[in-house]
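So the protein lines, in turn, are chains A and B.
Quick note on numbering: full-length UniProt numbering labels position 124 of the first sequence as 124, and the sequence is numbered without any gaps.
Quick note on numbering: full-length UniProt numbering labels position 7 of the second sequence as 7, and the sequence is numbered without any gaps.
Calculated from the structure, these hints are not laboratory results.
From a predicted model like this one, the values you see are computed outputs, not experimental measurements.
Among the hints, erroneous ones may be present.
To give a feel for the contact side, a few chain B residues facing chain A, derived at Cβ under 10 Å [claimed, not checked]:
(1) S5
(2) I35
(3) P39
(4) R97
(5) W108
(6) E109
(7) L153
(8) H157
(9) Y159
(10) R256
Computed cross-link-like contacts, SDA-like style, restricted to lysine to any residue with a CA-CA straight-line distance of at most 20 Å [stated by the list, open to error]:
(11) B:K252 with A:D273
(12) B:K252 with A:K223
(13) A:K223 with B:T2
(14) B:K252 with B:S303
(15) A:K186 with A:Q37
(16) A:K361 with A:P122
(17) A:K461 with A:V388
(18) A:K311 with A:R398
(19) A:K112 with A:L154
Where a beta carbon is used, it is the ideal one built from N, C-alpha and C, also for glycine.
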Amino acid sequence: MNSKWANYQAEGFYDELITDKGSPRMAARAAVNLFQQLSADDMSARREAAELAIREMGISFTVYTEGGNIDRAWPFDIIPRVISSKQWQSVSRGLIQRSKALNCFIDDIYNKQRILADGILPADIVLESTNYKPQCKGMSPRYGVWAHICGSDLVRDLDGKFYVLEDNLRVPSGVSYMVENREITKRVLPELFENYSILPVDDYPSQLYRTLASLSPRARERKRPCIVVLTPGIYNSAYFEHAFLAHGMGAELVEGPDLMVGDDDCVYMRTVDGPMRVDVIYRRIDEDFMDPEAFREDSVLGVAGLMRAWKAGKVAIANAPGSGVADDKVVYAYVPEMIRYYLGEKPLVDSVPTYLCMNEKDREYVLANLDKLVVKPANESGGYGIMVGPHASAATRRKFAGLIEKNPRNYIAQPTLSLSTAPTYCDGEIEPRHLDLRPFILQGKDSWVTPGGLTRVALVKGSLVVNSSQGGGSKDTWIVEGKS
Amino acid sequence: MTMLSRVADRLYWKSRYLERAEDTARLVSSYHMLIMDIPRGADLGWEVLLRILDAEPQFYSRYRVASEQNIVKFLVADTDNPGSVAYAVRAARENVRTTRDVLPEETWEQVNELHLFVREAAEKSIGRRNRLAFLNEVISHSQMISGLLQTTLSRDHAYRFTLLGHLIERCDMTTRVVDVGVMELMERDARFAVFDPLIWSSLLQSLSALGAYRRVVGPLLEGGSVAEFVLKDREHPRSVVYCLRGMRDAVKGLARNEDALRQIERMRRKLSRLHVEQISPDEFHGFIDNFQLLINELHEIVSDTWFRPET
């Protein structure tokens, strides 16, 4: 056995592959055994092979730097994360339940607002949120679904249970890397697949196509709807993914200026054969930039009249504009209530307990326990403006106390979680690193969840930051069936 | 299967820039070889390259002296000059970056490799010592990319716009080269005439047409027949007549092609009425000037019809 593994210890955290007693978890046993038999040289050879595959496959993400935009190779760890399908099934059911409730909520908010009338949620926190778009009032997209693609972030705490950390309902990204990670593992560690039956992930583009096609306003007249992926362009950090998904669906990858809205309120793309009508837009630009007529006038990325076309029912947009209203961190705290209210069910997957600073009792608790809590602004995404209490200086804590008292609506707090770890190959050693998981939930005529998702791993020792732009990497994520 | 106007536009420019990089490299390389054969005073001076490319104003706005060093730098390594090899390669790469999906997979890799090579080596290749090796590498890499597209690109819209870009740029370059050749050589002091065949051979070489000329016309190089050959030979793939035929074939596969076809036909007819041996150098120059305007008009028609149609 490779000695690197003998010394492996993830003290004080739940480890994805290795138990407290140092033995591999059931689902991961065969994989860990194989890695333990690989010599140090063999490990580094596999790693090099993975790097070569990444270059050959052209998997990159764009980072903006002073010297212009550069494409960085995708950082990837060769040791996969293994989850048993039995455990995954219940998480997956919980995610679908959650996404259904969130969609009921969005549809309700832009229509009857029953949930506000019934006093489940205070009206002002919803209607005064910047994510609430009055332009969307009265709309009811097909199947009542607004957020067709949802990329929830899951973490595991000490108890080994999955918690939803946030629901990304606007333009979640990362799914292309989930697909490519599997492709890399197949290339560099083919023998791993001999003893496993692993759920495939590469049909995501077809599932996405199916979901989008089910939204087409001309589904009856046209067998193959015209679907486009709307990107802000090559300088967007997720451009690789936009191209990947367009390619995988056989759809056109368009930028704002490629589209126009006609006098008939239909959306057309400009082609060499003349204007061609578009049925479904998979929108990968922020709604604020989507239509200068309806939102930000200074947007050059968008298409004038797009909202008009959408409201006239001439084109489907995924995710629908206005979906972000459910993406607020204060609203997040009420998701378990929504599930009970709209579906009459008990939540199948947990949320992280959340203290709302706008409630007096919660606020008192938060201010008294700033050193134990994580404080987050309600409207930001991407980890901006967060204070991690146990790691923050007294001055920072004082600053946040002031911010909270000044604008309590804008802050929430959650207990500091002990993110789970998994063995990761770093500088020739096998060491525990923290990780999260982003599955993707599709919702159209039917619902579907990716088997697993994108595991992001903080490659820096002790770090909890998994973002690829800040030293994060990723792992292939396996959902394995039966005993192995 | 249709194609986005923006994608067509980028494919077209990708080809124009690739062709420009190759043609400029050829031009500099053949002049570089020529200059070593001709005594000082009998040569045309490096400025002739600026005249061919109509780049004098641009050059003098940034360089004081028209030295060999400065001119080669301007044409090869200057990334602010849209006519330089380095600029053209970078622009070609940017255009391929956003059209990768409709091109054969290796295209991006090859174009990117060429870009990395040029970025790395251009500046070091201005001096005579490394110059030729650098230019040859640019030429052969460009030819490899053209060959790759020629043998693997489906004959769809992507191919049509790729072809159009190459051919329009090539026509432009060919007419420039003969124009300057005729003007410079026919007007200068007769005592240098002994070197004229050398210069004509160099110009032919810059158009990759020397061998073909010798086989078709004969081994003796003479101004009028050289111009006649590069403009009107029906078989040589770099002649203007040949390019026009290629453009017509490309355009035929596109919708709403009436204006473009009419323009190509106009150019073809104009060319067929030209008899270089029967006109003066001045008249020839006038003809080329006119013809260049027609090339520009064709470019405008292509852009208006397919790249920025109805708003």
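Review point. Taking 20 Å as the top limit, are the C-alpha atoms of B:K252 and A:D273 close enough?
Key: Holds, because 13 Å separates the two Cα atoms, which is no more than 20 Å.
Exercise for review: Double-check B:R97 for me: the hint is only fine if its C-beta lies closer than 10 Å to a C-beta in chain A.
Suggested key: Holds, about 6 Å.
Point to revise | Pair hint outcome, A:K223 versus B:T2 [Cα-Cα no greater than 20 Å] | key: holds (17 Å)
Exercise for review: Using Cβ atoms only, decide whether B:W108 comes closer than 10 Å to chain A, and label the hint accordingly.
Suggested key: With a closest approach of 7 Å, the B:W108 hint holds.
Review point. Holds or violated: is there a CB of chain A closer than 10 Å to the CB of B:Y159?
Key: violated (13 Å)
Review point. Between B:K252 and B:S303, does the CA-CA distance stay at or below 20 Å?
Key: holds (16 Å)
Point to revise | Evaluation of the interface hint that places B:H157 against chain A, nearest CB under 10 Å | key: Where the cut-off is 10 Å and the nearest Cβ of chain A is about 6 Å from B:H157, the hint holds.
Check your understanding: Taking 20 Å as the top limit, are the C-alpha atoms of A:K461 and A:V388 close enough?
Key -> holds (17 Å)
Check your understanding: If you draw a straight line from the CA of A:K186 to the CA of A:Q37, is it 20 Å or shorter?
Key -> holds (18 Å)
Point to revise | Pairwise hint evaluation, A:P122 against A:K361, where the allowed Cα distance is 20 Å at most | key: holds (16 Å)
Point to revise | Hint status (Cβ of B:E109 to nearest Cβ of chain A, threshold 10 Å) | key: holds (8 Å)
Review point. Minimum Cβ distance from B:I35 to chain A below 10 Å?
Key: violated (37 Å)
Hints 2, 3, 7, 9, 12, 18 and 19, counting from the list given before, are not met by this structure.
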